[in-house]
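Going down the list, the sequences are from chains A and B. If you count the first sequence from 1, position 73 lands on 72 in numbering that gives the first Met the number 0, and the numbers rise without skipping. If you count the second sequence from 1, position 20 lands on 19 in numbering that gives the first Met the number 0, and the numbers rise without skipping.
Fair warning: there could be bad hints in the mix.
What the hints assert, rightly or not - Below, a list of computed lysine-lysine pairs in the DSSO-like style, where the Cα atoms sit at most 27 Å apart:
hint, chain 1, residue 1, chain 2, residue 2
1, B, Lys522, A, Lys59
2, B, Lys72, B, Lys47
3, B, Lys310, A, Lys318
4, B, Lys414, A, Lys280
5, B, Lys402, B, Lys317
6, B, Lys414, B, Lys275
7, A, Lys149, A, Lys177
8, B, Lys411, B, Lys47
9, B, Lys235, A, Lys280
10, B, Lys72, B, Lys495
11, B, Lys66, A, Lys59
12, B, Lys549, A, Lys59
13, A, Lys318, A, Lys167
14, B, Lys235, A, Lys25
15, B, Lys532, B, Lys402
16, B, Lys91, A, Lys66
17, B, Lys470, B, Lys411
18, A, Lys131, A, Lys222
19, B, Lys235, B, Lys269
20, A, Lys25, B, Lys102
21, B, Lys47, A, Lys66
22, B, Lys47, A, Lys59
23, B, Lys66, B, Lys47
24, A, Lys25, B, Lys227
25, B, Lys411, B, Lys353
26, A, Lys276, A, Lys404
27, B, Lys72, B, Lys499
28, B, Lys102, A, Lys66
29, B, Lys402, B, Lys495
30, A, Lys66, B, Lys9
31, A, Lys25, B, Lys130
32, B, Lys489, B, Lys469
Keep in mind the hints are simulated off the structure, nothing from the lab.
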Amino acid sequence: MSLEDRIHNMEQCNRCSQCKFVHMPKSQEFSSICPSKYQSRFHASSAGGQVISAYGYHNKLIEASPKMIDSVFACSMCGACETMCKSHMGDNVEPFDTILEFRAQLAEDGKVPETLSNMVKHLEQEGAPHGKRDERSRWAEGLDIKDARKETVDVLLHIGSGQAYSEKQWDNLRFIVKLLKSAKVDFGIAYDSESDSGGLAYEIGYRSVADKLAQEWADLVQKSQAKTLLAISAEAYSAFKNVYPRLNKTLSSVRVLHTTEYFEELLQQGKLSLGMKNTGKVAYHDSCRLGRRSEEYTPWNGEYIRVLNTMAVTDTPRKVNYGNDGNYDAPRQLLSRVDGLDMVELERTRQYSFCCGGCTGVKETYPEMADGAAQELLREAESVGAEVLVSGSSCCQANMAAAAKRSNSSVKVAYLFDLLADSIQEGA
Amino acid sequence: MSNLPPHILKAFEAVVGPDNVSDEDFVVNCHDWMGLGADPSTRTLLGKAPAAVVMPGSTEEVAGVVKVCNQYKLKFKAHSTGYGNYSGVGTKGSISIDLCRMKGLEIDPESRMAIIQPYTTAGELVSEAHKHQLMCHIIGAGPIHSPLASATSFVGVGVAGNHTSINSRNMLSLEWVTPEGEIVRIGSSGSDAGWFTGEGPGPGFRGMIRGLYGAAGGLGVFTKIGIKLYPWAGPKTLEWSGPHPYRGTPPPENFATYQLDWDNWEDATKATQMMKNSKAVAFINRMPPAAVGHCLTATNREYYDLQRTGKLPDIATKANAVGWSVTTMAWTKAQFDWNEAVLNKILAETNGRKMDISERERDILTAAVLTSHYVARFNRMGDCAGVSMGVLDSINLIPEVVKRTNDDIGDKETKAGGKMMEVDTEQNWMWLSEGRHFWTENNPASTRSFVKNIVACVDFILSSFISNEKKPLGAALFVHGEASDLFGPKLGHPNKWMRKVKNTWDPNNLSDSKHFIQPEAAKESKAWPIAKKIFFHPWGKPIFRKILTKEFGKDDPK
Ligand SMILES: Cc1cc2nc3c(=O)[nH]c(=O)nc-3n(C[C@H](O)[C@H](O)[C@H](O)COP(=O)(O)OP(=O)(O)OC[C@H]3O[C@@H](n4cnc5c(N)ncnc54)[C@H](O)[C@@H]3O)c2cc1C
Ligand code: SF4
Ligand code: SF4
């Protein structure tokens with residue numbers, strides 16, 4: 000796939016702006032869906048705008064000015080545009096796929112912001128966008144976890160760079176380990192041989208780095224003989240399901256689950272029982288990587304042909320993603336197990352969720368963009384009366400919590416497993 | 000980067016702030032993209048990019064921007080949501096005034112109206128109005144367009160029109176930045192008496208600013224309007240059923256949706272009059288069967304697979320060639336029952352029937368008429384379309400209009416092997432408006448990917464205009480820009496009045512008038528009465544097509 004292959008799709012963009020708005024808003028205040036357009040306001044920063052820029056760039060009608068590069072990379076790759084575009088346009092346009100190819104082209108042409116290209120360099124060297132390879136498993140010291148490189152395990156954990164290197168996150172990693180142990184799960188980790196899934200490098204546009212990281216991990220998974228690959232980070236979960244198929248990497252020997260799905264399964268099977276109590280109004284935020292961006296991607300290499308005189312259709316049937324099959328229910332079910340917890344829904348949920356703006360290096364490169372999007376979510380949570388805004392992604396949680404601190408928001412932001420840990424009653 | 004001198008950019012920045020001005024190529028190109036090839040071209044980027052995009056945040060800032068344009072004699076054009084960039088910027092090097100920072104929306108439930116700014120979308124207005132048991136008119140362009148742009152500047156016919164009229168008439172009081180940068184309030188807001196009427200104090204203005212079809216950017220910038228809302232008996236928030244993108248709206252309590260069907264348009268028209276007289280039906284909408292098929296499917300491939308295997312539901316085939324989708328609305332069960340009884344009686348008296356539809360089909364048809372959500376799937380069928388004249392006139396004309404459009408394309412391009420999309424029936428999108436009026440436009444989809452197809456589209460558009468001119472079929476609304484001088488003389492000369500208004504308010508011709516009217520009629524329009532006789536004579540057609548082919552071939556970047 001390349002930008003050249005996407006010309007047909009680009010030319011189908013009818014500049015309808017559906018990619019900026021939720022399917023049918025419940026209010027004017029929370030009608031936006033694209034964090035990038037929401038902040039910069041120029042059409043150019045929406046998906047439709049990026050399609051036009053990609054088309055102009057590909058046809059050598061425009062150059063990659065520094066401002067254009069910033070505009071492209073301030074997009075958090077949340078995929079909302081793709082879902083919304085399909086409200087009307089089916090698979091005619093698929094702007095997200097064009098954005099991916101646009102970035103790959105810009106990366107090939109050396110037009111990537113320095114912060115991001117440095118992150119990718121670090122990924123190449125250390126297997127993580129920051130931190131040293133030999134420090135990746137420091138969080139696990141003294142926990143006596145099986146080494147999946149040496150022993151067979153049923154469940155192989157992928158920790159993810161965000162949590163592995165952030166000491167603040169280690170408590171909830173340990174809580175997850177505690178739960179696995181109490182459910183008597185045979186699990187292990189790959190210690191310092193774990194590396195980033197490759198999803199970040201792919202989304203920034205560095206295909207060969209992504210390919211290498213993904214291949215290494217796919218080989219390790221294969222070798223481990225695990226039956227389940229348990230992703231703790233939402234980003235890695237999304238990469239395994241949505242990016243690996245684009246890279247032709249197969250994880251077919253394992254079931255890929257996110258921790259929310261796995262623990263809900265254990266609870267349903269009675270292998271784990273948690274007495275949990277917590278009071279307060281809690282809203283759950285559907286992180287894009289756990290939601291629409293975790294829908295399994297099915298590669299398709301066909302062509303568009305003309306039928307009925309003029310209509311463009313794919314020459315062979317293909318599976319089209321609509322964002323419906325993300326992981327939306329398991330986190331809600333987990334939360335509903337907490338006694339006394341009053342769940343409220345945000346206005347924009349599930350595949351129509353508004354992204355917190357923190358992903359794909361946006362937080363590091365354009366902090367004001369990530370802050371603006373997170374502030375919008377905090378306002379949304381306030382508007383439905385939530386006291387706590389819960390996320391199943393530690394990356395989103397960190398971004399939104401920092402934003403809440405900056406704006407003195409009345410809403411507390413919690414990582415789902417933190418909230419569960421806090422809710423466990425004594426004796427449970 | 001544009002050639003705009005830095006001091007001019009600075010002047011704009013001084014008005015709106017540096018973050019709200021850009022002359023970067025990637026920004027201005029986005030205002031040059033032709034989303035739907037209704038401005039015939041094989042291209043998507045038209046090569047008419049503005050010199051800069053400027054985003055004012057208030058009426059005063061709009062006036063400031065317009066004054067800078069006047070100071071430096073720069074053309075400008077207002078841009079609300081830019082749906083399809085339908086009427087583009089028009090002139091290379093002009094200033095695109097993007098109003099996306101102006102999102103004001105205030106509902107005045109007592110007066111059944113809203114006060115809106117340009118970037119309030121129809122979807123937002125619907126949602127907020129429902130909370131007050133009100134609804135707005137919503138045009139076929141769907142929830143993402145600007146009702147302000149529609150009311151002031153661009154046609155305004157829409158799916159819900161039987162209940163909610165037409166936006167040209169829904170516009171109440173108005174705030175306007177004239178082409179020279181003066182802020183004017185017309186109607187009641189002009190004397191600080193609220194936004195509830197456009198007629199006075201002072202003269203009525205709707206005709207003056209709209210001309211035949213809307214100001215289309217040619218008369219300055221409209222910054223705020225009062226807009227009429229209509230009663231809504233449904234819930235405060237619409238419910239949705241089914242997975243995305245097959246979502247539909249189950250008819251709310253005391254609502255019902257049906258697909259009605261008759262043997263011929265004469266019977267259907269009689270029933271239409273009865274439905275109108277009785278007021279038993281609130282919403283009356285006709286999407287041609289192929290469009291219904293696109294509403295019910297998510298991709299072209301899905302539509303095509305069903306079509307070629309004969310598995311499309313009846314309502315998406317010629318079994319539904321003559322019919323309306325209707326939705327009744329009632330506040331009480333008694334009223335609901337009355338609506339049902341009256342509708343059944345009308346059907347019995349006109350040989351009509353309710354077609355069998357599944358719940359999903361029903362919900363999607365309901366969503367289409369209450370939110371106009373799925374009309375935009377028309378864009379999926381083709382990236383350009385022929386558009387007939389567009390008739391807004393008495394419902395008595397329905398049978399004749401359908402017959403004429405059948406004749407116009409029936410033997411030509413929509414059969415297998417033709418140059419427009421192959422379909423079973425004519426492609427009239429019809430919806431009722433207030434009084435005895437209905438709107439229709441015949442829109443065969445096509446593609447601009449090939450020169451021969453775009454040529455066929457242009458030929459179709461002009462042929463249907465000429466046919467309407469020879470044997471008038473009601474007022475044609477798509478007469479704008481250069482076409483006003485070609486076809487205006489047969490329509491009571493609106494072009495003359497539009498030109499007078501234009502030249503009075505915009506003596507420097509800075510408000511880009513490509514889609515409204517030029518200060519002077521083009522020379523070509525003088526030659527038109529003879530040219531059309533030559534080109535549209537059966538012998539002249541091949542020559543005309545050859546000329547177009549050459550023109551578009553030149554244009555074709557592929
Ligand atoms: C697929 C499709 C379907 C459509 N269906 C319908 C339909 O059913 N009924 C109908 O009436 N129209 C229809 N349209 C035409 C058009 O999109 C609409 O009329 C719509 O109202 C335009 O709104 P917008 O926000 O996109 O306006 P824009 O595209 O932003 O502007 C439209 C025109 O109005 C001018 N304008 C916009 N805002 C202002 C302002 N604040 N002050 C001064 N001038 C302004 C612009 O210069 C331009 O000429 C359709 C278009 C498409 C592409
Ligand atoms: S990307 Fe899709 S939703 Fe966005 S403007 Fe283009 S066609 Fe519309
Ligand atoms: S991926 Fe998200 S941020 Fe980027 S253009 Fe699409 S909706 Fe906007």
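Outcome of the hint check:
1. The suggested pairing of Lys522(B) with Lys59(A) is violated, with an alpha-carbon distance near 36 Å, which exceeds 27 Å.
2. Taking the CA atoms of Lys72(B) and Lys47(B), the gap is near 18 Å; set against the 27 Å cutoff, the hint holds.
3. Restraint check for Lys310(B) and Lys318(A): the C-alpha separation of about 20 Å stays at or below 27 Å, so the hint holds.
4. In summary, the hint linking Lys414(B) to Lys280(A) is not supported, as the alpha carbons are separated by about 60 Å, beyond the 27 Å threshold.
5. Annotation: proposed proximity of Lys402(B) to Lys317(B) holds, straight-line Cα distance about 15 Å (limit 27 Å).
6. For the hint linking Lys414(B) to Lys275(B), the alpha-carbon distance of about 35 Å lies beyond 27 Å, and the restraint is violated.
7. Simply put, Lys149(A) and Lys177(A) have alpha-carbon atoms about 22 Å apart, close enough for the 27 Å limit, and the pair holds.
8. Of the supplied pair hints, the one linking Lys411(B) and Lys47(B) is violated, its CA atoms being roughly 33 Å apart against a limit of 27 Å.
9. In summary, the hint linking Lys235(B) to Lys280(A) is supported, as the alpha carbons are separated by about 23 Å, within the 27 Å threshold.
10. Of the pairs offered as hints, the one joining Lys72(B) and Lys495(B) holds, with about 25 Å between alpha carbons and a cut-off of 27 Å not exceeded.
11. Distance restraint check for Lys66(B) and Lys59(A): the Cα-Cα separation of roughly 35 Å exceeds the 27 Å cut-off, and the hinted pair is therefore not satisfied.
12. Straight-line distance between C-alpha atoms of Lys549(B) and Lys59(A) comes to about 25 Å, which keeps the hinted pair within the 27 Å bound.
13. Taking the CA atoms of Lys318(A) and Lys167(A), the gap is near 40 Å; set against the 27 Å cutoff, the hint is violated.
14. Simply put, Lys235(B) and Lys25(A) have alpha-carbon atoms about 9 Å apart, close enough for the 27 Å limit, and the pair holds.
15. The straight-line distance between the Cα atoms of Lys532(B) and Lys402(B) is roughly 23 Å, inside the 27 Å bound, and the hint therefore holds.
16. Between Lys91(B) and Lys66(A) the CA atoms are separated by roughly 22 Å; this keeps the pair inside 27 Å, and the hint holds.
17. Simply put, Lys470(B) and Lys411(B) have alpha-carbon atoms about 20 Å apart, close enough for the 27 Å limit, and the pair holds.
18. With a C-alpha separation of about 24 Å, the suggested pairing of Lys131(A) with Lys222(A) holds against the 27 Å cut-off.
19. Proximity of Lys235(B) to Lys269(B) is assessed by CA-CA distance (about 35 Å); at most 27 Å being required, the pair is judged violated.
20. Distance hint between Lys25(A) and Lys102(B) is fulfilled; the C-alpha atoms sit about 16 Å from each other, no more than 27 Å.
21. For the hint pairing Lys47(B) with Lys66(A), the CA-to-CA distance comes to about 21 Å; that is within 27 Å, so the pair holds.
22. A distance of roughly 16 Å separates the Cα atoms of Lys47(B) and Lys59(A); the hinted pair therefore holds under the 27 Å criterion.
23. About 23 Å separates the Cα atoms of Lys66(B) and Lys47(B), which keeps this hinted pair within 27 Å; it holds.
24. A threshold of 27 Å between alpha carbons decides the hint, and for Lys25(A) with Lys227(B) the separation of about 21 Å falls inside it, so the pair holds.
25. At most 27 Å may separate the alpha-carbon atoms for a hinted pair to count; Lys411(B) and Lys353(B) exceed this at roughly 32 Å.
26. Among the hinted pairs, Lys276(A) with Lys404(A) is consistent with the structure: their alpha-carbon atoms are about 26 Å apart, no more than 27 Å.
27. At most 27 Å may separate the alpha-carbon atoms for a hinted pair to count; Lys72(B) and Lys499(B) meet this at roughly 21 Å.
28. With a CA separation close to 26 Å, the supplied pair Lys102(B) and Lys66(A) stays within the 27 Å bound.
29. For the given pair, Lys402(B) sits about 32 Å from Lys495(B) by alpha-carbon distance, which is inconsistent with the 27 Å threshold.
30. Taking the CA atoms of Lys66(A) and Lys9(B), the gap is about 18 Å. The hint holds against a cut of 27 Å.
31. For the hint pairing Lys25(A) with Lys130(B), the CA-to-CA distance comes to about 10 Å; that is within 27 Å, so the pair holds.
32. Between the alpha carbons of Lys489(B) and Lys469(B) the distance comes to roughly 9 Å, so the proposed pair stays at or under 27 Å and holds.
When the structure is compared with the earlier hints, violations turn up for hints 1, 4, 6, 8, 11, 13, 19, 25 and 29 and for no others.
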